[in-house]
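*Asks:* Chain by chain, the residues run as shown.
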Amino acid sequence: MDNTITQLVYLVSAWLFVSGIKQLSSPATARSGNARASMAMLLAIVVTLVSNEILDWTTVVAAVVAGAVIGGALARYIQMTAMPQLVAVFNGFGGGASAAVAAAEFMRAGGAGPSLGVGVGVTIVLSTLIGAVTFSGSLIAFGKLQGVVTGKPVTFPLQKTFNALLFLLVLVAGASLAHVGVAGGVAPLFGMGGLEISGPFFLALVVGALILGVLLVIPIGGADMPVVVSLLNSYSGIAAATTGFVLNNYILIIAGSLVGAAGLILTQLMCKAMNRSLGNVAFGAFGTDGPAAKARTGERPVRDADAEQVAMVLAYAGSVAVVPGYGLAVAQAQHELKKVCDLLEERGVTVRFGVHPVAGRMPGHMNVLLAEADVSYDKLLDLDDINAEFDTTDVVLIVGANDVVNPAARDPDSVIAGMPILDVDKARTVIVMKRSLSPGFAGIDNDLFYMDRTLMFFGDAKDQMSELVREVREA
Amino acid sequence: MGEFLILLYIFVLATMAGREVISKVPPTLHTPLMSGANAISGIAIIGALVVTGSADELWVKALGTAGIVMATINVVGGFMVTDRMLQMFRKR
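Residue numbers (the working numbering), protein chains in the order written: chain A, 19 to 493; chain B, 21 to 112.
Keep in mind the hints are simulated off the structure, nothing from the lab. Source: prediction; values computed, not measured. Each hint should be verified, as a subset may be incorrect.
[As the list claims (entries may be wrong)] What follows is a set of in silico ranges between Cβ atoms, one per label pair, in the way DEER data are often shown:
1. B:Y29 - A:V30: 31 to 37 Å
2. A:T368 - B:P46: 36 to 42 Å
3. B:M36 - A:R365: 21 to 27 Å
4. A:L60 - B:E40: 24 to 30 Å
5. B:S43 - A:E326: 44 to 50 Å
6. A:S50 - B:S43: 17 to 23 Å
7. A:S44 - B:M36: 19 to 25 Å
8. A:K290 - B:K111: 23 to 29 Å
9. A:F174 - B:P46: 39 to 45 Å
10. A:N21 - B:E40: 38 to 44 Å
Yeah, the Cβ is synthetic: ideal placement off N, Cα and C, and Gly gets one too.
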């Protein structure tokens, strides 16, 4: 096919991607936006297959079918509660694909050499580096979310020094391959022409980048995962864009940069919601340091309540605000919670949900969880909206959340100082459903639990919610 | 270098377009936007198709094929799971 026609079809595809992603940012149009973006992808794939000379159709078709079957099955049959891990895995594959393409281009060019040109050399190296970091980093994120790898920050002595040295090593290997900088000046001495010489350098680059991906994610704790997942999302886009530089392909660059920008915006939103810089999230190993869980826990008296008492308080309230947290997802109690809310609404109680941006393990985690339980999205209020209403709310029901409702954030000396929180302590009564008094991820005690107006409702969220369903019916 | 500059222009402008287009996302859509964008990052499939289609060496073809499989999982799985999620987001 004529190259001009191919490029024009890519242009249509690019327009569909941009408008599709725009539609994805509004609830009413999101679904058609997603459909539009998938049309854009299909269009780009078809025109690529038609306009390029495909020597081996069998391999190409077999690979596409295999990928489609695996991806489709995962998307169709995975439990909604496993969504964070699934997003992480898909993301890793996107990065892996970019790295594989760059590596294949490197092999095809017969290794590094002046014939490669500086531009292509640099972009092959960047694409491989970012793609490989995204791949291994996403797999570690998957492991943490799935519980295969510990959710606690994993640190070792001189970790940052080691990471910096490793990064330097990767850069030197990359610069030698791309014939740039000081290392690039050394490369010709090795006669960096054929694969047999530059191959080991490339291997060092790949292995180094893979290890780097692991080491960058492993010191980041579970509750910081929303930031990590969106940052890796951004990386996978940038990796695809750099691959576009390697192959001189506009649509790869456009689609890749869109994803890169989207991921970066989400990352900034998440950081802002925790009042922490990206650097602090990435290198702070948050969750271990700070004045960790002192033995204050248990020394102060709390008001303990059973299901019957809690049901009474809820059933005779005028308005209830529910604050869900990661504990709700762990206990998978969203359906039982919805039943309780339905019963309350039948009794004429106004029920709304207050969702903190970083509650859960990925951006928007609570929204997905509650949508699965059939909660209408207009009942889900974000931070500012719900905070304006706590003054006039009778009862706040906190299910499995801790740090995002900790008033300590208002104390300038606290480790979570300045983090925007849900001001639940302004409500008339606060009910905290939790397994125990143990501190949240930040490792600090929560004064909210010891307030006079607070009732502690201990136990597994799912069991306690089922209990509540019965009690509210009888109330 | 001329060609490279054009690519750089496209990269910078597309990034800016992305920032403008998605500047305000309601929290309800954080996950679908992320997973939809994630599916788009599977655009690497285009590269994998080009490389694999024209490959005559074993290693190049192997890497390209691996790229196709991974990118297709990302694309198909990503768009499908996003749709499944958005189906659940309803106002009642």
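*Asks:* Each hint: holds or not?
*Replies:* Now for the hints, and whether the structure bears them out:
The given range of 31 to 37 Å is broken by Y29 of chain B and V30 of chain A, whose C-beta atoms sit roughly 20 Å from each other. Range check, T368 of chain A to P46 of chain B: Cβ separation about 21 Å, and the 36 to 42 Å hint is violated. Hint check: M36 of chain B to R365 of chain A, Cβ distance near 52 Å, so the stated range 21 to 27 Å is violated. Roughly 25 Å separates the CB atoms of L60 of chain A and E40 of chain B, a value that falls within the hinted 24 to 30 Å.
For S43 of chain B and E326 of chain A, the hinted distance range of 44 to 50 Å is satisfied, since their beta carbons lie about 49 Å from each other. Here the CB-CB span from S50 of chain A to S43 of chain B is close to 20 Å, well matched to the stated 17 to 23 Å. Separation of S44 of chain A from M36 of chain B is about 20 Å and conforms to the stated range, judged on CB atoms against 19 to 25 Å. Distance hint check for K290 of chain A and K111 of chain B: the Cβ-Cβ separation is about 27 Å, which falls inside the suggested range of 23 to 29 Å.
For the pair F174 of chain A and P46 of chain B, the supplied restraint of 39 to 45 Å holds, since their beta-carbon distance comes to about 40 Å. Between N21 of chain A and E40 of chain B the C-beta distance comes to about 30 Å, which lies outside the given range of 38 to 44 Å.
When held up to the earlier numbered hints, the structure conflicts with 1, 2, 3, 10 and fits the remainder.
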